[in-house]
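For reference, the chains in residue letters:
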Amino acid sequence: MLLAPPTIYFVLLFVVPLIVLVAYSFYTYSNFNFSAKLTLSNYMQALSNPALRAFYFRTLKIALGVSVGVVIVSYLFSHILMYVLPGARRILYFLVLVSLFGGYLVRIYAWRTMLGADGILNGLLVRLRLISHPAGFLLNSNFAIIVALLNFLIPLGVLPIFSAMQNISPKLLEAATDLGASRVRIARTIVLPLTSRGIRAAFAFCFIATMAEWVTPQLLGGPLDQFVGNQILYQFGQTLDWPLGAAIALTLIASVVVMLGIISWLLRLVTR
Amino acid sequence: MTGRRTRPRRAGARTAAWVYVALMLFFLFAPLAVVLAVSFNPTANMNLQFTAFSLRWYHQVATDPLVVAAFRRTALAAVVTAVVSAALGLTGALGAARLSQRWRTVIFTVPLVPLAFPALLFGIGLASFYHAIGAGFSIWATIAGHVILALPFVFLVFAAALERFRFSLLDAARDLGAGSFTIFRTVTLPLLRPAILGAMFLSMAISADEFVIAFFTAGSQQTLPLVLYGRINLGVNPGLNAIGSVLLLITMALAFFAARTSVLELP
Chain A
1 MLLAPPTIYF
11 VLLFVVPLIV
21 LVAYSFYTYS
31 NFNFSAKLTL
41 SNYMQALSNP
51 ALRAFYFRTL
61 KIALGVSVGV
71 VIVSYLFSHI
81 LMYVLPGARR
91 ILYFLVLVSL
101 FGGYLVRIYA
111 WRTMLGADGI
121 LNGLLVRLRL
131 ISHPAGFLLN
141 SNFAIIVALL
151 NFLIPLGVLP
161 IFSAMQNISP
171 KLLEAATDLG
181 ASRVRIARTI
191 VLPLTSRGIR
201 AAFAFCFIAT
211 MAEWVTPQLL
221 GGPLDQFVGN
231 QILYQFGQTL
241 DWPLGAAIAL
251 TLIASVVVML
261 GIISWLLRLV
271 TR
Chain B
1 MTGRRTRPRR
11 AGARTAAWVY
21 VALMLFFLFA
31 PLAVVLAVSF
41 NPTANMNLQF
51 TAFSLRWYHQ
61 VATDPLVVAA
71 FRRTALAAVV
81 TAVVSAALGL
91 TGALGAARLS
101 QRWRTVIFTV
111 PLVPLAFPAL
121 LFGIGLASFY
131 HAIGAGFSIW
141 ATIAGHVILA
151 LPFVFLVFAA
161 ALERFRFSLL
171 DAARDLGAGS
181 FTIFRTVTLP
191 LLRPAILGAM
201 FLSMAISADE
211 FVIAFFTAGS
221 QQTLPLVLYG
231 RINLGVNPGL
241 NAIGSVLLLI
251 TMALAFFAAR
261 TSVLELP
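Those protein sequence lines, which keep their order, are chains A and B.
Residues 1 to 272 in our numbering are what the first sequence lists, from first letter to last.
Residues 1 to 267 in our numbering are what the second sequence lists, from first letter to last.
Bound conformation, chain B alone:
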């Protein structure tokens, strides 16, 4: 036959495709761009009529003790969620890697349940659980829930990394006389470094951005998204754009690093 891989496409089709892609990305990023842009506008209006570039709202927000406390809690939640979910996810993925094919199918289906499970139901379930066992609501109650949300992503990242992992290297290390801990520290851990970093960035992004679970379990120990929500309900306040922008830049940066280190695997 012709031997052509694909027939040449008309230039019009490519142009139309670019227009479609550009419109979709514009739609996806427009709200984020607007919040960022308005946060630097010194006047208190919400339309994009700029008078000057100013850090007025950032200054206002940075000196607001409520916001600063919420920022600290959000950071704490993100870091603890990342460490705990990475530890649990890595042990789980290492355990699953040596199972028979049939059990692996089961193990790989389980994480998909919390992944698709509605946050509202998990949130009221957690609230009911803490109520039933008499534990109060706090940032730690929220963190315990965030670990559940991050765990499926972390597990899938590690499972993908272990697909390519050469377990024969561990056997070689053992034959050379290394103990289990030495093997883990000097072979397994360095080889999985990109996956571990990627999974931790991802969990941090999930935790920092999370709202519904925190809403039901944090009580008075509000995180940054909760402060944002509370103030949105109080009415439009331009300082909100600064809080939103900070939150946005942090989660986007974390997601960016996560995608770069491990999640993005394209041929």
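Isolated chain A (complex conformation):
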């Protein structure tokens, strides 16, 4: 059977590793090592540690904000491509698609050079006499993290929203126009409900990606601007407490799934 090779590969290198991760989250850690003595204490610690909770809510706040921002920007962009500038649709979509696959780390690094004290943005602001001294708050701040996240997530938001909009039959819109519906009414009562799935997919992509992000806060944020992901990394890289790291990661993903369920339901109500 032709489906067997990819299925076996997928199970062996995706499903099994995640099962191992779940197993490790119940292991006991002591002295930079861990053993197969099963315990629930990693989960207790992951749920009760106040510092972890603070990092979690910080991450959640930024993830919600960034995802909403990405959806709005991508929706407007898709709308323009479909209905305002259809002649330039191909080339503009092509550009966004190409930018999606280019330079995750390079982009983050670029924002460092642009937002730094001797960076381009500060240089420009000083030369325009908008500020007298280079501003320090641009880099190593929430601002830098949010800008970089928006920068690489917007293409990811455009993809599902644009393809949902593209699947709407033009005949439907023509019929509505012929029956005298205004453009705003068409956008609200036809296009929005029919792109609801795309909106929810875009939101989910961005929300998941931001909740589990760690590179951006590490390279662009200050010491207090870190995400939950950095705490997971800390357990895996520094303390070697893999069981605790695994428990934090798994509680994180469980909470993300639950929240996405709720948010998706809310979005369906709003876009109905």
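Simulated from the structure, these hints should not be mistaken for lab results.
Each residue gets a CB set at the ideal place from its N, CA and C atoms; glycine is no exception.
A portion of the hints provided could be inaccurate.
[To be verified] Pulled from the structure, derived: some chain A residues nowhere near chain B, Cβ distances all over 12 Å:
(1) V73
(2) L92
(3) I108
(4) R188
(5) P223
(6) A246
(7) I262
[Stated by the list, open to error] Here are the simulated SDA-like pairs of lysine to any residue, each with C-alpha atoms no more than 20 Å apart in a straight line:
(8) A:K37 to B:S180
(9) A:K37 to B:Y20
(10) A:K171 to A:R185
[Said to hold, decoys possible] Label-pair ranges, simulated between beta-carbon atoms:
(11) B:A160 to A:I8: 38 to 48 Å
(12) A:F143 to B:V68: 47 to 57 Å
(13) B:S180 to A:L192: 28 to 38 Å
(14) B:H59 to A:M259: 46 to 56 Å
(15) B:R102 to A:T239: 22 to 32 Å
(16) A:T28 to B:I133: 14 to 24 Å
On the provided structure of chain A, position chain B as indicated by the hints.
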């Protein structure tokens, strides 16, 4: 009624739309343009005050054995990822194409899971897996993970190509007496060539640009993104712009070809 397709839009709306699109694309491409521009600046500052055009940093990077070794590993990972994921994705898509509608819905949902799955969790999962089975960390461990990341994209590209594929051609070839292998080599493969090329370019772009999985599984056999990361942590070094630019040009070129050959399908 009027018979007009759409009412004419005010010129102002079109201008506003162009401004919006231009600002968004500027925002998306500005960091990439800056890294490229600064990489040709011979002085070691990061603002765009150009003194001259120079390949100084490229020369420095090209003679750095660590960077060259990382470049080789990145290329190896990209090529192997492309070949393995294309082979697996094509067999999977061919298998899925002849399933009943109900099973196809299931098969088409599965690839979406790794697509949306956070790289951090997959990374620590893979690291735990290699640790549990006693396999060390290496570039091959990373490649095995990259195949998982590329597989959903490759599968979806092939599935889309097979939607338009005329399976009756295979039956015709069989009626004319061709064997399974001959049919695959002379009918299936040539017809799917654009999709295969597109999927391979796409997997190469994904692998070459990938950082998180490599971070957790490559060990000391660093890829180019890992070298970049290590040096960013050491402090700002203008040679980084050259490494970043090389990485960027390669992945963008691959993504460009991928989009041109197969992914971009607009009416």
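Hint check results:
no. : hint                         : verdict
1   : V73                          : 7 Å, violated
2   : L92                          : 6 Å, violated
3   : I108                         : 8 Å, violated
4   : R188                         : 16 Å, holds
5   : P223                         : 14 Å, holds
6   : A246                         : 7 Å, violated
7   : I262                         : 17 Å, holds
8   : A:K37 to B:S180              : 53 Å, violated
9   : A:K37 to B:Y20               : 58 Å, violated
10  : A:K171 to A:R185             : 16 Å, holds
11  : B:A160 to A:I8: 38 to 48 Å   : 24 Å, violated
12  : A:F143 to B:V68: 47 to 57 Å  : 37 Å, violated
13  : B:S180 to A:L192: 28 to 38 Å : 49 Å, violated
14  : B:H59 to A:M259: 46 to 56 Å  : 50 Å, holds
15  : B:R102 to A:T239: 22 to 32 Å : 48 Å, violated
16  : A:T28 to B:I133: 14 to 24 Å  : 20 Å, holds
The structure fails to meet hints 1, 2, 3, 6, 8, 9, 11, 12, 13, 15 from the earlier list, while all remaining hints are met.
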